[in-house]
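Single-letter residue listing:
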Amino acid sequence: MTYSSAAVSHASLSYNTMIGSPDVVAFTKEDDYGQTNPEPWDLPEEFSIPLHPLADSNPWAKTSYAKFTKDFILISEFSEQVGPQPLLTIPDDPKICGTFDLNYFSLRIMSVDYQASFVGHPPGSGYPRLSFVEDSRVVLGDSKEGAFAYVHHFTLYDLEARGFVRPFCMAYVAADERKIMLQFQELSLRFSQASECLKAGNRRAFAKELQRKLQDLEYTHSVLQREEGLQREAGPQCVYSAHTVEKANELANVEKCIYEHRDLLKQICSYHRRPRRDPQAVTCQKCMTECLNECEMLLDKYAKLAEPVRYLEKGCKGGPGQGQLDDNGDEGEVDEEEDDGVKRRPSYTPQLIKAKSAKCFDKRLKNLRELCEETFYEAAVELLKEAERSFRGDLCYLYTRCLDKSLRRKQTVVNFLFEEELSDDAESETGTLRPFCAVNHSIDNHVHLNPPYIVLGPEALDPSRPLDPLDPVSETTAAQGGELGLGEGHLESSPSDQTLETQESSEETKGSFSSDKSGADQAEKHESLASMISEGPDPDSDLTPEPDQSADLGRESSSEEVETTAGEDESEGQDQTPVSLLEVVSELSERDTGSESKLLVPIDTACCIAQERFLYEAPTPDAVLCLRQNSHPTPSQILVVNQEPHALLPVQDEYTVGSPCPESPVAGLELPVGLLGDAISRTSVEEGSDCTMSASTGSDRAASPLSYGGSLTLRQRKKAAQSALKFVRQYPFALQALWCLLSGRTLVVLGSEEGRVRRLVAALALFLPSPGKCGERIQAWLTCPFTLTDLQRWKLIGLQRVASPVGSSMLYSLSRYSRYISILDVDMKTLRCPPYRGQLLANVADHRTFIRRGSTYFLHVQSTLCRLAAKAFLLTFTHHLHLPVSPAEGPDDVEARRRSFLQEQLGLDEEDGQILLYLSQLIAQQYLQAANSSSFGFNYTSSILYKI
Amino acid sequence: MSSGCPPQSPAVAKSEVAVEGECPLLAATFAYWDNILGPRVRHIWVPKGDQLMFLSDGEVTFLANHTLNGEILRSAECGAVDVKFFVLAEKGVIIVSLIFDGELKGDKNTCALSIILPQTELAFYLPLHTICVERLKHVIRKGRIWMQKGYNIISVLSLEIVPIMELLASMKSHSVPEDIDIKDTVLNDDDIGDSCHEDFLHKAISSHLQTCGCSIVVGSNPDKVNKIVQTLCLFLTPAERKSSRLCRANSSFKYDTGLFVQGLLKDSTGSFVLPFRQVLYSPYPTTHIDIDINTVKQMPPCHEHTYNQRRYMRSELSALWKTDSEEDIPPDTIIHTDETFTPDLNIFQDVTHKDTLVQCFINEVFMLKPGLSLRSSYLAQFLLLLHRKALTLLKYIEDETQKGKKPFRSLRNLKTDLDLTTEGDLNIIMAFAEKLKAGLHSFVFGKSFYTSVQERDALMSF
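Keeping their order, the protein sequence lines are chains A and B. If you read the first sequence in the UniProt record's numbering, its first letter stands for residue 1, the second for the next number, and so on. If you read the second sequence in the UniProt record's numbering, its first letter stands for residue 1, the second for the next number, and so on.
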């Protein structure tokens with residue numbers, strides 16, 4: 001029977017709007033609508049489809065059938081003794097699995113040998129053959145149970161097992177089938193990685209086991225040979241007793257066993273030479289090469305061991321359990337070789353093998369840990385834990401995150417404005433992931449062996465770097481020299497001794513700073529922010545989430561685990577955003593091919609900004625300050641900013657010395673100011689540029705500027721968004737405050753209560769353009785006066801209100817620079833800044849918003865800022881807005897055209913235009929890599945005091 | 001049976017399907033669990049012609065049997081179709097199996113319809129997995145009815161197996177690349193009206209986004225068609241692009257259900273025959289773009305589309321149930337109706353909802369100089385905005401309804417809070433969100449729609 005690809009066209013669409021049907025067959029009846037009379041002709045429901053499936057009434061309910069509460073990883077084994085059985089789950093929490101029947105599910109996923117390859121004695125072969133089977137991947141589901149799984153089948157070798165193989169599988173169990181299929185490749189990659197890790201450890205363990213077995217056999221052989229010789233000498237010649245014959249047979253069996261095991265050792269050593277049939281397999285070239293070298297070494301050694309005749313000739317001293325065959329010169333030489341060559345410890349004592357082994361069901365099979373060696377097992381489990389974390393949460397968040405990342409890679413020119421640093425991501429990726437080998441690369445980092453064949457990151461980790469207890473790599477450092485590990489000669493002792501030490505030391509160093517100064521700074525900054533954000537709720541604070549909202553946050557973590565990713569117990573110090581391994585792999589491959597970094601989009605270098613730069617940009621990069629007056633900068637204005645303006649506006653009453661806080665008049669005095677705080681602060685009045693240091697020393701919690709961007713976790717930023725939402729809903733002038741930040745006007749948050757100020761600064765930092773990789777543009781808590789230089793450096797400042805001489809100088813500085821800054825008084829709940837009448841920000845700072853949750857508001861803010869960045873990009877790179885279109889045009893004409901563009905094309909009024917101009921200026925600076933020549937602007941529009 | 005292979009015992013029927021081009025599919029099989037013999041292969045379909053890899057009948061049978069192993073434990077509900085997906089590196093193949101129950105010779109049996117591909121085609125196949133599975137699922141529904149009647153299921157299954165082979169072959173040669181060069185699209189034009197009229201381009205992209213990125217582009221000039229296809233694909237994700245197809249220059253492909261964007265060539269008479277049933281079975285509503293006459297039409301939004309689709313499927317299955325003879329398989333050309341449902345054949349309607357998102361984007365992107373990366377960057381920013389807004393909308397609804405536990409009653413607030421007061425903007429963002437969370441349209445708009453349809457049907461019956 002042959003089918004042709006006949007066209008199956010049915011209804012014609014003429015002139016693209018009409019669908020005609022040649023055959024309309026109506027099965028109409030005269031019954032009234034809705035009155036269905038069951039008839040024999042009616043289609044039974046089991047053959048139909050539901051008209052209103054559950055997903056229609058609740059799209060979130062699709063996964064509600066499942067009896068487990070969240071996704072988990074299950075490792076199962078098909079035991080030759082008890083059948084399929086679950087071994088462990090990740091996370092190891094019985095609550096997660098709930099009433100889900102793990103035994104039944106193990107039975108289901110392990111009931112088929114998907115590898116289906118021959119194991120055992122092939123026909124015509126004298127020796128048993130090891131089967132090197134590739135892993136199998138299966139996605140299956142149990143629609144009734146609402147459980148779906150990606151199942152990764154693999155086999156490990158065990159000398160005691162039937163056919164020498166033990167079938168295992170690792171399953172990622174989820175309630176959402178689509179989630180598994182959409183992330184199949186990523187799952188496959190991660191599980192392949194774990195599987196390779198386990199198999200590498202298993203081959204090592206298997207080889208050790210074989211070696212031990214060979215030693216046992218040789219020892220047994222020598223004993224038997226001696227006994228047989230004695231019997232032969234004792235008895236009459238040419239007459240053999242039954243006992244002698246039995247001994248001879250036994251001896252022959254042992255010899256056969258020796259050859260068989262020798263062959264097995266050869267086979268396991270040839271593992272790496274076999275061609276891989278699995279294109280998805282993840283292998284580490286370094287592992288392979290190391291293993292190969294060790295195999296060759298082992299085979300050389302083994303060739304000597306496997307000469308039974310030589311052994312016989314050597315003789316043996318001592319009985320069973322007395323150890324090495326070292327009374328012979330040759331053997332001594334062997335040991336010596338071993339010592340020299342592979343640094344092997346003579347720690348194994350050969351045992352006499354009994355003629356009859358234990359029955360199948362009597363023996364105890366090794367568990368997974370024993371099969372794979374501790375180090376490799378731990379590394380694999382860590383990989384699986386990491387995989388579980390990275391796939392946690394709803395698919396829509398996982399999916400959008402991937403898209404988000406890939407899209408941000410295409411717009412690197414503006415990412416610095418509001419987005420996380422992608423380059424930082426890459427670093428963290430290489431820092432936290434071990435793309436190909438879970439074990440050996442850590443050795444590279446620690447012992448500095450040969451350079452890895454696969455370069456995992458742009459730079460190797462500093463060997464002096466303190467080991468991170470959360471990084472499983474650290475736990476496996478220096479544990480082994482190669483895959484088979486025979487070079488160490490630890491036939492009995494496990495390398496976990498060293499691992500333990502490493503762990504301990506890493507725990508000790510947890511939280512401490514590395515010698516690397518920048519690293520310390522980063523950690524310090526992060527700690528500072530983390531402490532600030534994770535501070536407990538302040539009952540007095542306006543920005544403290546209300547109890548019910550805290551509860552909401554708790555719930556929301558379940559809905560957005562993917563974004564927060566880290567469990568509650570995870571360290572806040574690490575960015576827990578999961579990373580796609582596929583991305584890492586693709587990045588690595590890009591690096592491997594030597595492709596150049598594409599971080600900077602190859603935008604027209606000959607465009608306007610490169611030719612003449614922007615008309616409103618500072619002409620010289622070394623200009624310290626670029627002062628804009630009504631956004632019309634001229635060269636003369638640039639000169640103006642080189643000296644501090646003397647005209648001071650009168651300061652409001654509340655900024656006088658010791659300004660009393662109505663609620664807590666002495667609050668300023670109660671702040672935990674350090675002993676040196678005042679002294680250093682006083683110094684810093686004179687040396688304005690040292691303010692940061694003084695601030696750091698002045699308060700133990702104000703150790704450093706607020707960290708931001710790459711240093712902040714998503715969870716922390718969502719918490720900050722919750723505060724921002726509260727701020728927006730409670731302060732009608734929030735719009736003005738946000739405008740100040742977005743238009744480049746430094747905002748000072750003044751308050752007497754450190755926690756409150758810090759929280760508000762963290763909330764407002766979400767809106768600060770170009771905050772810097774580590775939040776360099778933000779000073780979360782300053783306890784001393786600031787100078788004009790500081791205003792250039794910081795765009796958002798949390799300032800302590802104190803009633804002391806320092807406080808007076810601080811308020812003096814506030815008053816002095818009030819023309820350039822906006823002041824948000826947390827205690828008085830006032831804002832002093834120029835008026836804003838635009839519409840661009842109305843949507844993001846609407847106090848009547850119905851958005852309830854910080855995480856939702858965070859997404860909303862992200863969207864809004866993304867749109868602003870796009871508009872700024874447009875303004876920056878639209879050529880005719882910056883270049884004269886004819887020689888007759890002067891700068892004023894271009895300026896007019898730009899203003900016209902903002903007003904007519906984009907529909908923005910004056911204040912909104914200032915936002916885009918500021919953002920555009922930042923982009924231009926960034927693009928021209930003149931970021932250091934930062935500027936701040938002001939205008940002479942008088943400020944207004946806003947009150948609640 | 002192909003020669004050179006030992007015949008199976010008893011022999012397995014085999015169909016060779018003539019497929020134009022290189023078909024990545026190695027074989028399709030129908031197997032069932034015989035209560036006495038265990039897993040048995042009943043039928044094999046193989047594409048005729050050159051293949052990337054050869055599997056003997058014995059191997060095919062072995063693999064097909066393998067898909068049923070373990071299904072002795074199956075405890076699914078009657079009528080459920082479970083999907084199993086195998087990547088067997090040892091054999092170098094991918095197998096997609098749909099497991100279902102059906103009546104054979106009076107016994108309830110577990111059956112498996114499988115397709116087998118080389119493992120090297122994994123990346124090619126994965127984006128098309130949902131399309132294949134959904135189409136096979138529906139033919140299985142029909143096949144189950146056929147089995148229940150004691151008829152031969154093979155003829156029914158062939159109705160979809162053959163088109164899927166053709167689909168995969170056509171995608172092998174004409175799928176849209178994952179990375180589209182913007183130079184191959186309208187967005188590289190010097191000015192907005194160079195390739196096509198500004199309003200047409202705006203309407204096409206807007207409607208394309210409102211229909212979840214699902215569009216058909218028809219025209220007489222294949223180059224022009226492909227330019228628009230690639231332009232529309234710029235707004236899709238890489239995986240969705242791999243589920244899109246360019247137009248073939250010499251003769252048009254058939255319309256294929258489930259693809260995101262497909263270019264179709266008009267015949268010599270200047271028309272293209274569009275199958276009603278297949279268009280209706282598309283997972284998302286579709287935008288119809290005719291580049292010859294610059295028209296853009298769109299199907300109703302997701303919830304209405306899904307509702308129509310389900311009703312039509314029920315009608316089709318019902319018609320099959322009522323068929324009296326094995327020879328009377330209702331062809332796909334028949335448009336089914338029943339007593340409560342008469343499909344609206346005029347499914348493509350004018351685009352009525354204007355938007356500001358695409359309008360602004362189109363106006364602005366052409367201000368940037370072409371030939372550089374500027375427009376690509378700006379496009380990336382635009383897409384980022386859309387994806388983020390969609391996620392925000394989804395989260396907003398999730399919060400308001402406690403993950404669907406409560407009905408959603410605050411659409412007006414949502415529009416205001418998220419700046420989606422323009423209907424077209426809301427449609428676009430809802431379409432993006434629908435792809436993230438299937439069923440969202442029905443959840444948000446569903447109830448009122450059912451009422452209105454019921455009312456309309458009631459009126460029509462008078």
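Check each hint, because a few of them may be wrong.
Claimed, not checked - In silico lysine to any residue, SDA-like type, Cα no more than 20 Å apart, as pairs:
hint	chain 1	residue 1	chain 2	residue 2
1	B	K137	A	K405
2	B	K322	B	H129
3	A	K144	B	L98
4	B	K406	A	V885
5	B	K403	A	S57
6	A	K144	B	H353
7	A	K405	B	D179
Unchecked claim - Residues from chain B that keep clear of chain A, each with C-beta distances beyond 10 Å, as calculated:
hint	residue
8	A11
9	P177
10	P222
11	P283
12	W321
13	S377
Hints in this document: simulated from the structure, not taken from any laboratory. Here the structure is a predicted model, which is why all the values come from computation and not from measurement. For each residue, glycine too, the CB sits at the ideal point set by N, CA and C.
Outcome of the hint check:
| no. | hint | verdict |
| --- | --- | --- |
| 1 | B:K137 <-> A:K405 | violated, 34 Å |
| 2 | B:K322 <-> B:H129 | violated, 32 Å |
| 3 | A:K144 <-> B:L98 | holds, 15 Å |
| 4 | B:K406 <-> A:V885 | violated, 59 Å |
| 5 | B:K403 <-> A:S57 | holds, 11 Å |
| 6 | A:K144 <-> B:H353 | violated, 42 Å |
| 7 | A:K405 <-> B:D179 | holds, 16 Å |
| 8 | A11 | holds, 13 Å |
| 9 | P177 | holds, 15 Å |
| 10 | P222 | holds, 17 Å |
| 11 | P283 | holds, 12 Å |
| 12 | W321 | violated, 4 Å |
| 13 | S377 | violated, 5 Å |
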